[in-house]
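Visitor: So the sequence lines, in the order shown, correspond to chains A and B. Reading the first sequence from the start, the letters are residues 1 to 221 in the numbering used here. Reading the second sequence from the start, the letters are residues 1 to 226 in the numbering used here.
Quick caveat, the hints were computed from the structure, so don't treat them as lab data. Backbone N, C-alpha and C fix where the C-beta goes; we use that ideal spot for every residue, glycine too. Please note: incorrect hints may appear among the correct ones.
[Unchecked claim] Subject to a maximum C-alpha distance of 30 Å in a straight line, what follows is the list of computed BS3-like cross-link-like pairs (lysine-lysine): (1) B/Lys103 - B/Lys65; (2) A/Lys202 - A/Lys145; (3) A/Lys72 - A/Lys39; (4) A/Lys72 - B/Lys103; (5) B/Lys65 - A/Lys39.
[Said to hold, decoys possible] Listed next, the stretches of chain A that the computed footprint assigns to chain B, with coverage defined by at least 3 CB atoms under 8 Å from CB atoms of chain B: (6) 36-48; (7) 62-68; (8) 142-151; (9) 154-168; (10) 171-183.
Next come the chains, spelled out residue by residue.
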Amino acid sequence: MAASILHLNSDQNRETAPDWEDLELAEALRQGSEPAYEKLLERFQQPVYGLALRLLSDPSDACDVVQEVFLKVFRNIDHFRGQSSLKTWIYRITVNEAHNQQRWFFRHRNREIGLEDEPDDARGAAAAFPDAGRSPFDYVLDQEKRALIEEALARINSPFREAVVLRDIAGLSYEEIAEVLQISLGTVKSRILRGREALREKLVGRLEPLTALRLMPKPAE
Amino acid sequence: MTCEEVQNSVSAFIDRQLPGEESVLVSLHVAGCRRCAHLAERHNYTRNIVRELANVQPPVRLAFKLRVLASHERRRRLSQISFAARVRTWSEEARLVINNLMKPLALPFAGGLLSALFLFGVLLPTFRFERDITNDVPTAFYTQASVAEMAPFGVNDAETIVELTIDQRGRITAYCVPNGQDSPQLDANIANMMWYSTFTPATWFGQPTLGKVLVSFRRSRIIVRG
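Produce the entire structure from the sequences given, and follow the hints as far as they go.
Guide: Below, the structure is given as C-alpha cells:
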C-alpha cells in the first residue's frame, strides 16, 4: 500500500532559492525588455489565476486580483532581491491580494448581485469544437465533480484552503508554502493535513473514490 | 511509530515532504497498519481530486488586459530610465494626442476646403459686380469749387473779374473785384448773379471745404476759372 502511494507521488523537494533564470528574468524586467514581460505573463498568468480562483471561488474577483498582482510585480520588480524564488514572491503577492479582496468583499460587496449570467470563461474558437476523445457524459460527470470539489474547497476555512491550494494546485513544496504564507514548516504540515481532512469530510457521501461505470450488455426483450 | 504520529504526518508523507528517516518509519508503519494505510489512501485521493482543479485557463479577456497592462508598465519603466527617454516619451505622447485630435478633423477639413474651392470656381462667372460711376465722389486730394449753374444774366461793364469765396454748402460767402472797378451798379449785378447762381463746393479728400472761384464777365460771354 505504502509503495503504491509513493509511486503516485512524483513531487520532489524544491529549493526556495531563486535560480539564474529568475534573476535574469527580473533583471530583464527592470530593463524594460519586451520578451521578459511576455515570458513573465506566459509563465505565471495561468498559475496565478488558478491560485486566485481557488482562493476566492469567484472568477471575476480572481481576474481583479490577477491584474493587481501583475501590476504590483511590474512596479515592484526593483524590490525583488532574489532572496526567494520569483514564483514564491509572486504567489505571496497573490495570497496577500486575495486576502485584501476578501476583506473588501465582506465590507462592500456581500450584497451585490452580478449582472453577468455566467463568468467569462471563453477560450476562443477552439473551445467550440467538440472533443473527440470524451463523451458528453464524461464531460458532464467531470463538470459536476469539479463543481462539488470547488464547493467543498470554498467551504473549508481560509488558512486551510490556502495551504491545500498552494500545495495541490500551485504545486509548491512545504518550504515554499511556509515562505509564501510566512508561517513555520510545522504549521504548513498541520494546515495541509487539517485542510485535506476538512475537504474529505465535506465530500463524504457526495464524492467517493471512483468506481468504474460498467455498461452491461443485456439481451433484448 | 504510533498510529497517532502517522496520522499527523500522513499528508506530508504522501507529499514526500518528510525527512528520509521519518519517511521510512511512516512507510513501514503504513505497510503494516491497515487503518493508517486506509487513511493515507483517502488523503491521496483527496489530494488527487484537488489537483484536478489545477488545470484552469484564465479568460481570454483577462489575458488581453494583462498584455495591455504589461505594455503600459513597460513603457512607463522605459520612460524612467533616463531624462532623454522621458523627453522622448513625452514627445511621443504629445504626438499621439495631436494625431488623435487631428485625424478626425483632417478628412472633413480637406473635403470642406475642396468643396468650397470647387463651388467658388463654378459660381464665380455668375457673379456680377456693378458700380455706378456717374455720381462718383472725387477722392483726389483737392478739387476746386466750380459753377454748377450760372445766372442767366451778366454785368453791363465791358470786362469784369470777380473772385467768389464758396463755402462747404456751395454758397457765396464773400467776393471781391481784383481789377478795382468796383461800383454800386457792379455790386447790384454781382448780388443778382449770386442770388441766382449755384456753385459746387471745393473738396479736400472728398469732404466739402472752402474754395474760391474766379468769374470773368465779358460783354458777350462769361469765363469761369476755378
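Visitor: Which earlier hints turn out false for this structure, listed by number in ascending order?
Guide: Hint 4 contradicted; others consistent.
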